[in-house]
Amino acid sequence: MKYLLTALLLSLSATPVLACETVQLGSLEISEAWSRASIGMARPGAFYITIRNTGATDDALAGIATPVSGKPMLHETVVKDGVASMPHAPAIPVPADSTVQLEPGGYHGMLMGLTQVLKEGETFPVTLKFREAGDVTVPVAIRGMGAKDAGCVDKKD
Amino acid sequence: MTGVQKILWEVAGAALLVFAGLVLMENRATAPPADTPFRPTFALPDAEGRLRTTEEFSGKHLLVFFGFTNCPDVCPMTLIEVAQVMDGLGGQADLVQPLLISIDPTRDRGLELAEYTAAFHPSILGLAGDEVQTRAAAGSFMSARTIPARRTVTLWHTAHHST
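Chains A and B are the protein sequences, given in the same order.
All the letters of the first sequence, read from the start, carry residue numbers 0 to 156 under numbering that gives the first Met the number 0.
All the letters of the second sequence, read from the start, carry residue numbers 0 to 162 under numbering that gives the first Met the number 0.
No lab work stands behind these hints, which were simulated from the structure alone.
Small disclaimer: the values here were computed from a predicted structure and weren't measured.
Just so you have them, the derived chain A footprint on chain B, three or more residues with Cβ under 8 Å: (1) 68-75; (2) 113-121.
Residues from chain A shown here face chain B by an in silico Cβ test under 10 Å; the list is partial: (3) R35; (4) I38; (5) G39; (6) A41; (7) R42; (8) V78; (9) A83; (10) G105; (11) M109; (12) G143.
Where is the CB? At the ideal position from N, CA and C, for every residue including glycine.
My request is simple: use the sequences and hints to build the entire structure.
Rendered as C-alpha cells:
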C-alpha cells in the first residue's frame with residue numbers, strides 16, 4: 000500500500016479511470032474522487048468523493064490534505080427556505096453500513112489557495128483523514144468545468 | 000475583514016443577501032399583469048466595462064443568477080443548470096438572455112469573469128458593478144421574494160470562506 004501511495008503522490012498525470020476504481024481502507028471503500036478544471040488559481044476548487052463503510056463501526060472524515068491546495072476544507076451546501084449556505088463541516092460522518100457521498104449540492108471539499116491550475120484530464124492526490132480508519136491517499140480526476148459527477152460508467156451506490 | 004467582505008456582509012444582512020437564483024423575468028415588451036409588482040432593474044458593467052441595462056434586453060426573457068465566481072460548489076451547479084436550460088431551448092434560446100450578476104464584483108472583475116461564464120455557456124453574460132450598482136440591482140430583484148410560484152434559488156454568500 001505504501002508503494003501505491005508513493006506512486007500516487009509522485010504522479011499528477013495518472014489516467015482518469017483511476018477515479019472510478021475503488022480504494023480499500025479497512026472496511027471503507029472509497030471511489031469516484033473528482034474535481035473540476037479551474038481557470039487559473041485564484042478561485043477555490045471543489046472535491047467530491049464516495050465513501051462506503053461496509054463495517055460495523057461508525058467512522059468520520061475529519062479532514063483532507065492535498066498538495067494542490069494551501070487550505071483544503073470540508074463544507075456542506077445546505078439549502079433552507081431557498082437560501083443556500085455553505086457552512087464549514089468539522090467532520091463528515093460515515094456511519095457503519097452506509098454510503099456517504101461528497102457531491103455537488105451537498106458535502107464537498109473546498110480547495111482554497113490552489114497551488115496549481117487544475118487541468119481537465121489530469122489527476123491530483125488527496126489524503127483523506129478518517130477518525131477510525133486512519134489516512135489514505137486517493138487520486139482525484141479533474142473533469143471539465145461543466146461536470147456534474149465523476150463520469151464513471153459503473154457508478155456505485 | 001477586507002472592505003469587500005464588509006460590503007458583502009452588509010448586503011447580506013440588509014437583504015438576506017442574494018438570491019442567486021433563477022428568476023425568469025417578464026420582458027418589458029409585454030405589459031406585466033396588474034398584480035405583479037416585480038420590476039427588477041439593473042445598470043451594471045460587463046467584463047469589458049460596458050454598461051448594460053435592463054432596457055437593452057427589452058423583448059427578451061432574462062434568466063438571472065446572482066452569484067459569484069469564488070464558490071466551488073453551488074455556483075458552478077447553477078451555471079451548469081443555466082447552460083442546460085439554454086441548450087434545451089434550442090431555437091428559442093435567442094429569446095432568453097442568461098445573466099450572472101456578481102455579488103462579489105470587485106474580485107470577479109479581476110478574475111476573468113467573461114472567461115468564467117463562457118466556460119459554462121457562451122450565452123451567459125457576466126455583470127459586475129460597483130457597490131451602489133450592485134445594491135440597486137439586488138434590491139430591485141429582492142422584491143421577487145414576495146412573488147410566489149417562481150423558481151428561485153438563493154445564494155448566501157459565504158464571504159468568510161474567502162480570505
